[in-house]
Amino acid sequence: MILRWALLIFGGLLLGGIVHLAAIIILPRTATQDAFARLTPIAPVNTIVALPAPTPEKAVMPFMDPAFASAVCRYDLSQGPLKLTVPVSPAYTSVSFYTRNDIAYYAINDRAAGRRVIELDLMTTAQHDQVPEDEEVTAADRLIVESPTPTGIIAIRAMAPEPGLMRAAQAAVAASRCATQQPEPPARPTERTRPLEPTRPRR
Amino acid sequence: MRLLFGTLFGLALAAVVGLGLTYYALTRGAAFGGLSIESWTAWPKSGTTDADPYARASIARSGRLPTAMGDGVSFTLTSDDDGKSLDGRCEVVVSGVTPAARFWTVTLYNRDGGLVANSTNRYGFTSQEVVRHADGSFEIVVAPRANPGNWLPTGGVERYELILRLYDTAVGVSTKAGREVPMPDVTTRSCP
Numbered sequence: 000m001i002l003r004w005a006l007l008i009f010g011g012l013l014l015g016g017i018v019h020l021a022a023i024i025i026l027p028r029t030a031t032q033d034a035f036a037r038l039t040p041i042a043p044v045n046t047i048v049a050l051p052a053p054t055p056e057k058a059v060m061p062f063m064d065p066a067f068a069s070a071v072c073r074y075d076l077s078q079g080p081l082k083l084t085v086p087v088s089p090a091y092t093s094v095s096f097y098t099r100n101d102i103a104y105y106a107i108n109d110r111a112a113g114r115r116v117i118e119l120d121l122m123t124t125a126q127h128d129q130v131p132e133d134e135e136v137t138a139a140d141r142l143i144v145e146s147p148t149p150t151g152i153i154a155i156r157a158m159a160p161e162p163g164l165m166r167a168a169q170a171a172v173a174a175s176r177c178a179t180q181q182p183e184p185p186a187r188p189t190e191r192t193r194p195l196e197p198t199r200p201r202r
Numbered sequence: 000m001r002l003l004f005g006t007l008f009g010l011a012l013a014a015v016v017g018l019g020l021t022y023y024a025l026t027r028g029a030a031f032g033g034l035s036i037e038s039w040t041a042w043p044k045s046g047t048t049d050a051d052p053y054a055r056a057s058i059a060r061s062g063r064l065p066t067a068m069g070d071g072v073s074f075t076l077t078s079d080d081d082g083k084s085l086d087g088r089c090e091v092v093v094s095g096v097t098p099a100a101r102f103w104t105v106t107l108y109n110r111d112g113g114l115v116a117n118s119t120n121r122y123g124f125t126s127q128e129v130v131r132h133a134d135g136s137f138e139i140v141v142a143p144r145a146n147p148g149n150w151l152p153t154g155g156v157e158r159y160e161l162i163l164r165l166y167d168t169a170v171g172v173s174t175k176a177g178r179e180v181p182m183p184d185v186t187t188r189s190c191p
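Protein chains in written order, with numbering that gives the first Met the number 0: chain E, 0 to 202; chain G, 0 to 191.
Any given hint might turn out to be false.
[What the hints assert, rightly or not] Here are the simulated lysine to any residue pairs, SDA-like style, with alpha carbons at most 25 Å apart:
no. : chain 1 : residue 1 : chain 2 : residue 2
1   : E       : K57       : G       : G155
2   : E       : K57       : G       : K175
3   : G       : K44       : E       : V144
4   : G       : K175      : E       : A111
5   : G       : K44       : E       : T123
Worth flagging that the hints you see were computed from the coordinates, not collected in a lab.
Based on the provided sequences and hints, a complete structural model is requested.
Below you can see the structure in the form of structure tokens.
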């Protein structure tokens with residue numbers, strides 16, 4: 000009798016552990032209130048949308064830092080790679096990339112970018128493979144980021160170390176651009192001369 | 000009959016244990032690879048693609064975008080140095096210095112991650128706003144009533160948490176608690 004109960008309890012606990020692990024693994028796929036779902040109604044695809052500053056009454060997402068002006072670009076790479084341009088604000092600017100499941104896979108800040116404007120190309124691994132190699136060499140200073148998922152979120156954040164600098168930070172994130180690049184015609188000899196780029200000021 | 004009863008008992012136990020554990024893990028923010036320094040805890044790996052299933056579930060459930068590695072690292076504080084839960088009716092002093100970072104912010108949230116309403120519209124401090132002592136250390140008083148100096152109002156809520164975010168910092172996945180990463184001390188000074 001005791002053995003039977005012990006066996007039942009052991010079996011129940013074992014099954015409970017399996018239920019627990021399954022619930023944890025399935026949860027991200029079934030969550031209806033994750034960041035991506037919260038942003039979907041307010042952020043059209045492949046456009047920069049400035050997020051309202053969080054207030055006690057209303058915030059787009061929980062745990063937003065009120066010292067930052069933020070904007071998002073909810074991207075979809077199925078139409079081609081994306082070009083992102085972010086002017087840096089006076090204090091601190093960062094660009095973070097999230098997958099469809101809100102997992103951060105890349106982030107860069109103004110100092111790491113080392114220039115006044117953070118410029119980069121976002122593409123899927125398949126699209127990156129299609130970029131002609133010589134193209135990649137000529138554009139050596141163009142940063143390419145590979146997205147693990149075809150959709151996701153780019154979060155652009157500019158810090159206002161003092162409340163008075165919030166306007167400048169908001170202006171910086173609002174001036175960001177995120178747009179689909181038209182896929183370039185493949186395999187054309189690149190003979191056109193590229194205009195010399197002015198040397199960008201280093202920080 | 001006994002077999003049926005036994006099976007039902009086993010299944011019910013499984014459901015309770017399984018879902019109970021899941022709820023507990025997600026509300027307590029359990030994830031592997033937590034970096035605990037004094038009373039502060041960060042999960043640097045949650046800001047990378049190495050995030051474990053617990054971190055992923057917790058991120059999806061809360062609806063937040065985690066601080067990405069390369070941007071910064073977030074330290075959460077839910078209790079003072081004596082292990083007492085942070086209480087918005089008490090006067091809590093956060094004092095000392097932070098690890099090296101280009102900027103940091105400390106923000107007060109309720110347990111759902113929302114800002115707490117208060118008369119001064121102050122929700123946190125940045126490294127530039129905070130008033131420091133001559134030696135560079137600072138003291139923030141987290142209290143329901145106005146205090147001289149760096150006063151962070153709690154709005155009188157019962158439970159809150161503080162998040163210290165270090166931006167552009169070397170603190171990360173490979174950091175070990177030690178002298179290079181001094182975190183502010185947290186003490187409850189007085190409680191009504």
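Distance restraint between K57/E and G155/G, which requires alpha-carbon spacing of 25 Å or less: holds, 19 Å
Straight-line alpha-carbon gap K44/G to V144/E, limit 25 Å: holds, 20 Å
Given hint A111/E paired with K175/G - CA-CA distance at most 25 Å: At roughly 24 Å apart (the allowed maximum being 25 Å), A111/E and K175/G satisfy the hint.
Hint consistency between K57/E and K175/G [alpha-carbon to alpha-carbon, up to 25 Å]: Roughly 37 Å separates the two Cα atoms, so the pair is violated.
Satisfaction of hint between T123/E and K44/G, Cα-Cα up to 25 Å: The hint holds at about 23 Å.
Going through the hint list in order, the structure does not satisfy hint 2, though it satisfies all others.
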